[in-house]
Amino acid sequence: MPETGRRRPSPDQLLKQVEAEESHQRRGRLKVFLGYASGVGKSFRMLDEGRRRRMRGQDVVVAAVQAIEPPEVQELLRNFEIIPPRTDLGGPCIDVEAVKRRRPALCLIDGLAYRNPPGSRNDERWQDVEDLLNAGISVITTINLQYIREKQPQIEAIRGRRASDSVPEGFIRRADEIEIVDAPPEYCLDRAATGDPVVLEQQLSELREIALVLVAEVVDAQLDSYLKQHGIEQTYGTQERILVCITPRSNAELMISRGKRQADRFHGDLFVAYVEQDGLEPRDRETLEWNLSAARRAGAHIEILHGEDPVRAILAFAEKHGISQIFVGHSQRGGFWRKLRPNPVERLIMESSGIDIRIFPHNEPGSVT
Amino acid sequence: MQAETRPPEGKLKVILGYAAGVGKTYRMLEEGQQLAAAGRDVVIGYFEPHGRQDTIAKTEGLEFIPRRVIAYREREFEEMDTEAILARRPAICLVDEFPHSNIPGSPRAKRWEDVLVLLAAGIDVITTMNVQHLESLNDQIRDITGIQVRETVPDWVLKRADEIVLVDLTPGALLNRLDRGVVYAPDKAQRAKENFFKEPSLAALREMALRQAAHEVDLRQGQDLEKPSAAAPFPGTERILIHVTGAPGAVGLIRRGKRVADYLRADCFAVAVVPGPGLESLPDARREALERHLDFARKLHIETRVLDARDEAEALVGFAHTNAITQIFVAKPQRSRLPLIATRYQLVMRVIRMAQDIQVTVVAERRGREA
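So the protein sequences, as listed, match chains D and X.
With this note's numbering applied, the first sequence corresponds to residues 1 to 369, in that order.
With this note's numbering applied, the second sequence corresponds to residues 1 to 371, in that order.
Derived from the structure by calculation, the hints contain no laboratory data.
Fair warning: there could be bad hints in the mix.
[Said to hold, decoys possible] Covered by chain D, per the in silico footprint, the following chain X stretches (three or more residues, Cβ under 8 Å):
| no. | stretch |
| --- | --- |
| 1 | 165-171 |
| 2 | 285-291 |
[Said to hold, decoys possible] Some chain D residues judged to face chain X by a derived CB distance under 8 Å, without partners named:
| no. | residue |
| --- | --- |
| 3 | His267 |
| 4 | Arg296 |
| 5 | Phe360 |
Being a predicted model, the structure only gives us computed values, none of them experimental.
Every residue gets a Cβ at the ideal spot worked out from N, C-alpha and C, and that includes glycine.
Given these sequences and hints, build the entire structure.
Written out as structure tokens, the structure reads:
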């Protein structure tokens, strides 16, 4: 269950908040329309928003358009003042100085991923946007997933080719607002069609999934910082976060692979934790190292926990990280004395709150089953 | 082999959003207009205008099928006239508000059931819904918004959709729309802001809609994508057993178990154990609660079984072994005043001890609404 509460922010926090708000006021706001392919309608959405804002009295200009715009976009473009690009450098690029002189409230830039011609003020267009934002001009822009730098290896593996221009993912993640422009793959098929349509549809569908998850992650981070800024201590169960607790004796490989599968299927996060114990036998130490490397291969966040009481340490970690499910091994073994005390699994179940506990049996040789 | 007598099923497209006012209906009508412009026979089966001028303008030129008037408790209500749509036989029908509950006296209880009838008749349907109406998210949604959504759509119905499209809008933009009176009339807008339309709740709902859309896209991709790897030699299919009782927590347990089963593409069973023979052996109150929960499971398309046995844990684990179950879902034991060690003898701990090679998931308490 989420814990709701309001902390009174400390003076330091308040000061930071005021400063953040002030710098926010000086700096322009960035909004990004993200699509997973061309043809989903990003440019249209951007211009449509620009149109509506103009109707509400905002001063809006367009500073960059794509080389080829579909008819409905061209139609919309007619309603806007366009700041002509510089063309004296062998290729078009945004005339940042001209836009700054014109000082609109909002500038629309179609196609964020663009390498400026040599001799331009900045190498890449996203840096031009940064300059405009710093000058207090808000920007709405569009980007196609395949241009996000950190996503490019993954996309290349799906599509078999890589776009030459790119924008750092961090720049997109720092945007004040991001919206996904979603449409079924058939909408983009005719514009990208080469090769087998079935394969293409499959590839586009994979890109679509990546784009949706990316925006979900951005929203999650924004929600997190909103809650922090407002001193609200609440975790929302919007995302599956799985914590696999391993010991040298547990069936760690199975637990990690099941954890990874579940995290992948839920587009969630995987954590693997180990509670430090004294006096490990060399053989156990070796097994543990082996298991931790399996966790690293699975892309898990790895955490070594410390504490007199392993159950407390695990639960404290789980609460801090909004864990929704704990995977834990359970030995059938146990001598007379151990039977008289609650075992760690029993305690985890009874002492946790709002977290599912998945128990993996491990039957060791000689165990009582 | 009924292919000769039955027309092919219609295609279902669901336009998914996370709140009123994000633009689902607008998008539905826009698609309807495009299809009509392309020469397709499109009708509006149900449209909820909410007094939104932009949206109303989008219906221009589209044929409306008049609503059916139903009298209930001396008042008149209007519902979609499914029978009239069937008689009209359009190629495509636009149906707003998929999760809507029809007024008692309607031919079917839920609008999504009406839509299934249209699909069965070979009519394509484009419909709208918000993520919070998905049955399996009901408990999480209550935790986020404090609101228990009562009009829900079972997950298998959404799964039936051929295509899901997400309509995205930032909460900031949505709140602006609300302030400008685009979404609701001023008094309703004010109430909405005090309840549902709070920025963090909206952000959380939006995140859930994005994640659900990603999942739906994932589901509709080829099934052969999961490649065996070193860590998982071959992804064996999981089979999940949910232990159903008459206790209040059972509904949350069923939702959670089914959701995990769906994501893992696992088979799913709901099993109750009674001293026997049959449900009749139980006292009335317990029997009614259990029947309600088994019924709830069946509505979610979970196969249910009732076992006669004295020892619940033994029966569950025995069933699991004979049916190659890989994971048993049980409810967390109630905290009691007894020392912790005493819980060892409760059902859950006994199941864990007896399960041997079967995993057991103890599902945390979820203060869910009753079935």
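Problem - Closest C-beta approach of D:His267 to chain X relative to 8 Å, hint status - result: holds, 6 Å
Practice task
Report holds or violated for chain D covering the stretch 165-171 of chain X, Cβ cut-off 8 Å, minimum 3 residues.
Solution key: holds (count 6)
Practice task
May I ask you to test the interface hint for D:Phe360 with respect to chain X, counting a Cβ-Cβ separation under 8 Å as satisfied?
Solution key: holds, 5 Å
Practice task
Report holds or violated for the interface hint on D:Arg296, using the least CB-CB distance to chain X and a cut-off of 8 Å.
Solution key: At about 11 Å, which exceeds the 8 Å cut-off, the nearest Cβ of chain X leaves the hint on D:Arg296 violated.
Practice task
Between the stretch 285-291 of chain X and chain D, see if three or more residues pass the 8 Å beta-carbon test, and mark the coverage as holds or violated.
Solution key: With 0 residues closer than 8 Å to chain D, the stretch 285-291 of chain X misses the three-residue bar; violated.
Hint check: violations occur at hints 2, 4; the rest are consistent with the structure.
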